[in-house]
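Protein chains in written order, with this note's numbering: chain P, 446 to 885; chain X, 446 to 885.
Because the hints were derived from the structure by calculation, they are not lab data.
Given the structure is predicted, the values throughout are model-derived calculations rather than measurements.
Glycine is no exception: its CB is placed at the ideal position from the N, C-alpha and C atoms.
One thing to keep in mind: the hints can contain errors.
As the list claims (entries may be wrong) - Label pairs and their calculated CB-CB ranges: (1) P:L618 / X:R739: 19 to 25 Å; (2) P:R884 / X:S718: 19 to 25 Å; (3) P:A677 / X:P776: 53 to 59 Å; (4) P:E823 / X:A535: 58 to 64 Å; (5) P:A568 / X:R491: 47 to 53 Å; (6) X:E787 / P:A677: 53 to 59 Å; (7) X:A854 / P:A561: 54 to 60 Å; (8) X:E823 / P:A561: 56 to 62 Å; (9) X:T494 / P:A854: 46 to 52 Å; (10) X:P776 / P:A854: 50 to 56 Å; (11) X:E518 / P:Y853: 52 to 58 Å.
To be verified - Covered, in the sense of this in silico footprint (three residues per stretch, anywhere, with C-beta under 8 Å from a C-beta of chain P), are these stretches of chain X: (12) 589-601; (13) 725-737; (14) 769-775.
What the hints assert, rightly or not - Under the rule of at most 25 Å between Cα atoms (straight-line distance), these lysine to any residue pairs were calculated in the SDA-like manner: (15) X:K717 / P:E740; (16) X:K717 / P:D885; (17) P:K717 / X:R884; (18) X:K717 / X:P680; (19) X:K717 / X:S676.
2 protein chains.
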Amino acid sequence: MTQSLRLGVAGLGTVGSAVVRMVERRAATLTDAAGRPIRVTAVSARDRTRDRGLALADVAWFEDPVALARSGEVDCVVELIGGAEGAARATVEAALAAGKHVVTANKALLARHGAALARAAEAAGVALAFEASAAGGIPVVKTLREALAGNRISRIYGILNGTCNYILSRMELEGLTFEACLKDAQALGYAEADPTFDVEGYDTAHKLALLTSLAFGSEIDADGVSVEGISAITPLDLRMADELGYRIKLLGVAETTPAGIEQRVHPTMVPKSSAIAQVMGVTNAVTIDTDALRELTLIGPGAGGEATASAVVADIADVAAGRLVPAFGRPAAALVHPRRAEMQRHEGGYYIRLTVHDRPGVAAGVATRMAERDISLESILQRRSENAAQQDPHGRSGVPVPLVLITYAATEAAIRASLDAMAADGLLSEPPQVIRIERD
Amino acid sequence: MTQSLRLGVAGLGTVGSAVVRMVERRAATLTDAAGRPIRVTAVSARDRTRDRGLALADVAWFEDPVALARSGEVDCVVELIGGAEGAARATVEAALAAGKHVVTANKALLARHGAALARAAEAAGVALAFEASAAGGIPVVKTLREALAGNRISRIYGILNGTCNYILSRMELEGLTFEACLKDAQALGYAEADPTFDVEGYDTAHKLALLTSLAFGSEIDADGVSVEGISAITPLDLRMADELGYRIKLLGVAETTPAGIEQRVHPTMVPKSSAIAQVMGVTNAVTIDTDALRELTLIGPGAGGEATASAVVADIADVAAGRLVPAFGRPAAALVHPRRAEMQRHEGGYYIRLTVHDRPGVAAGVATRMAERDISLESILQRRSENAAQQDPHGRSGVPVPLVLITYAATEAAIRASLDAMAADGLLSEPPQVIRIERD
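Just chain P, same shape as in the assembly (with noise of 0.2 Å):
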């Protein structure tokens, strides 16, 4: 075992200079954690002029990422490129066809083609690793392979990206807009110039999408996420989910129902007091429910480049010591199919925001169509300004004013039928706001 494990590193962006750095900052310890060296024997990228400030002289370079993979001087190719198709796909798919490990951080790679890729890797018996494509430095995904073998996972849930929550806090802390705090992650370089991925949710579906394969041994459904973003959060909403004891999270939840796998995500109410609502700026957290440990709880970086390096070199290790793990935790034929629980169908408390006609009546009306439904209500919030009952003492103004209500648990369906009753009866003076509520 003294033989050193020599990676080729496709992809030299913010990750894969800090893996190529680390793996050099950190080779005693490595050699001593893995059992023998570990050393980067070629890299891939392309724009070969550019200064990384990385000693890549002993180093092969490839133009091409996929003879890289194939290339004699390399045992485990390290994908940072990016992208489900494309280079990216086809440089994993060939490493894996010739026999190589693939550790990689493509989390839209593997939703969309996980299990092919994962069938490759058993085939010839290679490790295809992808702890940095879920929760950044969050070693979430050994977790589940492996620390929770014994137990029986119910849910899983998380803040799975920090675009989104560095938005939402500090709407939160600040009163601010989405578009206004969006314009600052963007100066600061947390979200893209185009940040639609992120903000609506996409992001944190593929990572969902993974995790839910993980914790429940099925087979991995990308398309069978619900998904809705944050960009229609208001200030209003935030102001009244800190009044009502909550916090606004964009997550991703995925669990078991009688109905099959329900996966979901969306901005949430989750109660203040929560390990989760804590995590704030682009900090990520995850919560696994079991049966054995009832709640675990993960709270780290997301991303990055050092955190996301420090997913990868851990990957990295296990490879070197020959530590190997079926890619989603068991052998892919093992995987079940998933049953799809309809979002329909999910049921939960809701926080509902109203814009409604400030008249005599509104109110009963709103009551009555949710009581069709069998739709029970916790609390009723509706706060006019102190300007509006002055000019309107008797509240027969018929101006917009915000209604707000929380529901016991209730179907999606049955909240949407009688949301459309509301509409229909002219109740509505704007298309509602509906959060749903996340227990802990």
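For chain P, the structure is supplied; the task is to place chain X on it using the hints.
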């Protein structure tokens, strides 16, 4: 790899019974995860007649756990007897000598004999796994040994004893005394009849010594832990902490300092906004500070049969899958001899609650004694009761009143010297309460 891993379980108390049940309940999933079946083939316990609700008909029974450890029917010995010496030690030593893997939850044994046992396991080429011994169901050993391989750890601290956290949580939430909460903890089974080991911090110290070794790659140095328990904490301290923005937790803290490795267990003021401050009741938590991740926090159950069994079974699954890790994350010979940083050199913020005679000049005397040792004060809190103020409007009664000080960073030696000087001046009517502050 289709041959079963044959387990010999020594000790069938709460944890041992939970392990046997979990291995059976999760047999199919464990087989998938580990690549081969896992079976309990032998057990050992003192009382054979007790009904534990286990199906042990096909299982060999050993009166003597050492005989079980040597049995040809066992590949992996699961030691759940407990205690640093006696049967537990003999069993583990016999198992390693016979070339069998060992999985244990025994923190006392490892804190005392970890280095020798790790060497024996290495020589035999077998596993010595002890996930359950550090923070119950929280996978902190795996995280330190494997997931953080690329990180340089600078500090690790945590709530490692559920009994103490339960007592402090109830004292805070209900304003009760230590004695009252201890009694309740005993009634609920959270505390032993003789609670010394838990409430005086020794249990936390054992666990901390293991985490220190894993975090810093140093030999275990259980005798190097400075230990202080929670029995002197009063409801007044908890109220004062609350007013100043802190909670009081019994923490185990290990950090690298210029003077060496500091290991300490003591009641600690933690900022209310920190993740660890949110952890209430019997729950445990560990925070790890590293160069690459900054902060990673794991929160979960620290004790209980099922939670501990979860950790034991994860270790068993690793053994069954052939995923071997050196006991302390690197070869025993590579562990460095720890240089101890003496507690007197500890530098940090301090909460000091003095009981002084209420008369002119006392505050000045206190402040002078601190200034002489270059100790700067962040806050001073003196609050006389309404009653006292009415009876003694000039503050000259000389009755004992509390005076609370929060210092900026100062050394333990300076703090102790200034308090000695105040006592010599006759300023203190009772011994001072000193609680260290830990910043996140």
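We went through each hint and held it up to the structure:
At about 20 Å, the CB distance of P:L618 to X:R739 agrees with the hint of 19 to 25 Å. Between P:R884 and X:S718 the C-beta distance comes to about 23 Å, which sits within the given range of 19 to 25 Å. Separated by about 56 Å at the C-beta atoms, P:A677 and X:P776 satisfy the suggested range of 53 to 59 Å. Between P:E823 and X:A535, the C-beta spacing of about 59 Å keeps the proposed range 58 to 64 Å intact.
One distance hint, 47 to 53 Å for the beta-carbon pair P:A568 and X:R491, holds here, with the actual separation near 50 Å. A C-beta distance of roughly 58 Å is found between X:E787 and P:A677, which places it inside the suggested range of 53 to 59 Å. In this structure, X:A854 and P:A561 meet the distance hint of 54 to 60 Å, their C-beta atoms being roughly 56 Å apart. Between X:E823 and P:A561 the beta carbon distance is about 59 Å. The supplied range of 56 to 62 Å therefore holds.
Here the CB-CB span from X:T494 to P:A854 is close to 47 Å, well matched to the stated 46 to 52 Å. Remark: the range hint 50 to 56 Å for X:P776 to P:A854 is upheld by a beta-carbon distance near 55 Å. Our hint of 52 to 58 Å for X:E518 and P:Y853 holds, since their Cβ atoms are close to 55 Å apart. With 8 residues having a beta carbon nearer than 8 Å to a beta carbon of chain P, the region 589-601 of chain X meets the requirement of three or more and the stated coverage holds.
Counting residues of the region 725-737 of chain X whose beta carbon lies closer than 8 Å to any beta carbon of chain P gives 3, which meets the minimum of three for the stated coverage. Coverage of the region 769-775 of chain X by chain P holds [criterion: at least 3 residues with CB-CB distance below 8 Å; count 5]. Taking the CA atoms of X:K717 and P:E740, the gap is about 21 Å. The hint holds against a cut of 25 Å. Using a Cα cut-off of 25 Å, the hinted pair X:K717 and P:D885 holds, with the two alpha carbons roughly 20 Å apart.
For the proposed pair P:K717 and X:R884, the alpha carbon gap of about 22 Å is at most 25 Å, so the pair holds. Restraint check for X:K717 and X:P680: the C-alpha separation of about 17 Å stays at or below 25 Å, so the hint holds. Restraint check: the Cα-Cα separation between X:K717 and X:S676 comes to about 22 Å, which is no more than 25 Å; the hinted pair holds.
Consistency note: the structure conflicts with none of the earlier hints.
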